[in-house]
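Keeping their order, the protein sequence lines are chains E and S. Converting from the first sequence to the working numbering requires adding 2 to each position, the first position being numbered 1. Converting from the second sequence to the working numbering requires adding 2 to each position, the first position being numbered 1.
No lab work stands behind these hints, which were simulated from the structure alone. Please note: incorrect hints may appear among the correct ones.
[Claimed, not checked] Lysine to any residue pairs mimicking SDA-like chemistry, simulated, CA-CA at most 25 Å apart:
| no. | chain 1 | residue 1 | chain 2 | residue 2 |
| --- | --- | --- | --- | --- |
| 1 | E | Lys-287 | S | Ser-444 |
| 2 | S | Lys-178 | S | Val-86 |
| 3 | E | Lys-66 | S | Lys-69 |
| 4 | S | Lys-101 | S | Val-86 |
| 5 | E | Lys-66 | E | Lys-89 |
| 6 | S | Lys-148 | S | Glu-230 |
| 7 | E | Lys-359 | S | Gly-37 |
| 8 | S | Lys-172 | S | Arg-202 |
| 9 | E | Lys-56 | E | Ser-38 |
| 10 | E | Lys-319 | S | Arg-385 |
| 11 | S | Lys-319 | E | Asp-26 |
| 12 | S | Lys-359 | E | Arg-24 |
| 13 | E | Lys-89 | E | Gly-37 |
| 14 | E | Lys-287 | E | Pro-368 |
| 15 | E | Lys-319 | S | Ser-444 |
| 16 | E | Lys-363 | S | Pro-368 |
| 17 | E | Lys-148 | E | Thr-226 |
| 18 | S | Lys-114 | S | Val-285 |
| 19 | S | Lys-56 | E | Pro-368 |
| 20 | S | Lys-74 | E | Trp-433 |
| 21 | S | Lys-319 | E | Gln-354 |
| 22 | S | Lys-319 | E | Gly-384 |
| 23 | E | Lys-172 | E | Lys-89 |
| 24 | E | Lys-287 | S | Glu-243 |
| 25 | S | Lys-56 | E | Gly-371 |
| 26 | E | Lys-363 | S | Trp-394 |
| 27 | S | Lys-56 | E | Trp-433 |
| 28 | E | Lys-228 | E | Pro-118 |
| 29 | S | Lys-148 | S | Val-225 |
| 30 | S | Lys-66 | E | Gly-384 |
| 31 | E | Lys-363 | S | Val-86 |
| 32 | S | Lys-359 | E | Ser-38 |
| 33 | S | Lys-101 | S | Gly-37 |
| 34 | S | Lys-119 | S | Gly-156 |
| 35 | E | Lys-119 | E | Val-285 |
| 36 | E | Lys-88 | E | Met-3 |
| 37 | S | Lys-126 | S | Gly-229 |
| 38 | E | Lys-56 | S | Lys-359 |
| 39 | E | Lys-359 | S | Lys-69 |
Protein chains: 2
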Amino acid sequence: MARIVVIGGGAAGASAAARARRLDPTAEIILIERGSLITHAPCGMPYAIAGIAKGELATYSPEKFEKERNIKVYTNSTVTHVDVDKKYVTVERGGRIEKIQWDKLVIATGAKPIVPKMPGVDLKGVLTMRHPDQVAELRSHLEKAKTVAIVGGGYIGIEMSEALLEMGKKVYMFEKFAHPLPAALDPDVAAIVAEEMIKRGVELHLGERVVEFRGSSHVNAVVTEKGEYPVDEVILAVGVEPNVELAVSAGVKLGETGAVYVNEYMETSVPDVYAAGDAVEKVHKITGRRVWIPLAPTANKEGQVAGGNAARGRVMKFPGVVGTAVTKFYDMYIARTGLGEVEATRLGYRVQSALIKARTKAHYMPGGGVVHVKLVAEESSGRILGAQVVGWGQIVSAYVDIAALAIQSGYTISDVFFSDIGYMPDTAPVWHPLIVAARVLSRGHL
Amino acid sequence: MARIVVIGGGAAGASAAARARRLDPTAEIILIERGSLITHAPCGMPYAIAGIAKGELATYSPEKFEKERNIKVYTNSTVTHVDVDKKYVTVERGGRIEKIQWDKLVIATGAKPIVPKMPGVDLKGVLTMRHPDQVAELRSHLEKAKTVAIVGGGYIGIEMSEALLEMGKKVYMFEKFAHPLPAALDPDVAAIVAEEMIKRGVELHLGERVVEFRGSSHVNAVVTEKGEYPVDEVILAVGVEPNVELAVSAGVKLGETGAVYVNEYMETSVPDVYAAGDAVEKVHKITGRRVWIPLAPTANKEGQVAGGNAARGRVMKFPGVVGTAVTKFYDMYIARTGLGEVEATRLGYRVQSALIKARTKAHYMPGGGVVHVKLVAEESSGRILGAQVVGWGQIVSAYVDIAALAIQSGYTISDVFFSDIGYMPDTAPVWHPLIVAARVLSRGHL
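One chain only, chain E, in its complex shape (with noise of 0.2 Å):
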């Protein structure tokens, strides 16, 4: 009998346990989680220390997956160690340390916030959000505070920045760069999430950087290159990093992006040794280049090839991304997928642009909310690399799954354009935003 042993219990190595077990109902499957929960929801920390989420941020309780999926579930145990040569892991487990053998090995250590080496950094109350298992006491700090800051301006930024909102406080936000999410959105639609952000109160420094965080044990100042702001707290949020220590230490090959590296089977460059999730670099569809794009459905989706192969031996495969990602601030939802305009640029291709402004229903219906569309295409093929997505309304958020899939599949301007998408005047317009985009796109084409 085979013995898989997992490491980590987030999306990538609970999915690789599960679908490890439906393809070998006879092997031993072991699932190591450093925390207290499996299947864990880290994107709903922001609602939950808000309040604003109800119930645990967990899809199954160790115990249910222990049991329905017949999976060793070890929570609060941490790997020390891995042997590839002796094929082991060393685990300390409640003040003890025991060896765990395995035949195949998957690492699902996921992805950590990275803490820049700043004065003050190691001060109480600048909080940063790993693990669900947080939550209780991110929500008691911070429901003392008055004010609070927020370091960076990417997505737990904007989300916490709601929830802070929401929970009454005075909310700073700090972002070096000019524009809030800048790895996410162009210039153009970020200034409207800026804007919308600064209506609501968040008060928005944009281009301004933080150098140091003063107090004596708590923190109680944020200093800036331009000024010196009292502050409470301080949500730390400049940007996430692949957890690969253990990986590194295991002899496991680092790609170009300092995430594990594996091939398309999840497959690292150590035999018998898998990875997936946030740990590892994906493929992007578009450019055929190495990314590190760590979300939960990736994590999910790689989780159940790298668990399936580690069974079964190369029976999915793992396609790779084109970085669709949503967030968002109160009603305005916010989504990009494929390449920005800045990027795509950076990266040699010669692109056209179109930002629209359109309704998310037929003019005469009630309710309908403002959407911003950017599409990008190369200018010589009219292949569609990018869009971006602004609006008010649940629904733009999906505007950006079909883009997402009219690029996976290489569609031009044109083959936007004459997609047979649905309509209905409280749904959309008779022509649709993306239509409408993509028309605008053409130059006169369409």
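Using the hints provided, position chain S relative to the given structure of chain E.
Chain S in isolation, oriented as in the chain E frame:
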């Protein structure tokens, strides 16, 4: 200077005229419309009748269209004859008859409600929904009624049932098939729709054929195979058919569906005569067959192609449809694309299908709705043939747009599963309902 005459001021006709103008700034373009509105939106009629929609059901007034587009617009003008040899149309305008020469003609005469030969069908109060011109008249009829029968459970029937309930009426719906939306949905999905309609108060009579309307001059009862129902008004919505009389009289060939035959350039069988919109048949991208699926977004795009080609000769092609359509009943959205299971089976495909139930947000987020997703695939190839979605919340309509792109791109089950569609807790569960449906459909392969 060429003269382009367009018959019909709806979606297809207005698009054709606008596109012709765009591609030929010098042509004389005349748009002839029987009613008083152009660029009109019949899809909005149920909401305008109920007082939900505000403002005109038209994008442009004739005056604005004339001025902004430099197109002559003849409203309240009926084309009574088309001569394709001498290239003129005969038009009745304000009591006068005139002949208008053309170099290129676009027929965009649309569709009309089917009025079955049935005793009493000509009684006053047996109403059909033809044109936004009728809104005020229909509303005044229906406002006075206490009890209204809707005959036909298609899109118009469903939307009118909501409108009439909102107006405080007692509403009967009679549908001869055993479930609503028989042409659009499979029985298992339609059953969900029926349940909600009953819950909201529609007295739904399924599998019950109407055989007669009774009354002296005004209808006062609907008679079915099973009984007699006293009513004040009747909405007759048993289907639509293409308006082809003019085309036929001009010697333009009809296709196998009974609608006007056109090639991908929207050229009819007669030189210099184009046709577009609900009057014409389309090519189904999955089956390659000719179908008649009259929908506004298709009409708009076909109009563009017809107008562009009328102006400049074969500059654009219309690539066909996959039959994406959407409707709603209160906050339940109903959408479909491709082939249903019943339809596909009838066409000779061996199919497999999965119908799943999920939610539109992560389980811990407030405000999500239930959504049912059905996917149909060809058994041998795994190619996705169709998708049907019923769910609570506008966003579920876009699931079908995503599926439409998958279908028109020839995706397999696995391609859908690995599609890079977005996630955050407020826009979808981490396993998107479409991905879950693909997984279930894979029968353990994913």
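Task: Structure versus earlier hints - violations, ascending order - done: Hints 2, 3, 5, 7, 11, 14, 23, 24, 30, 31, 32, 35 contradicted; others consistent.
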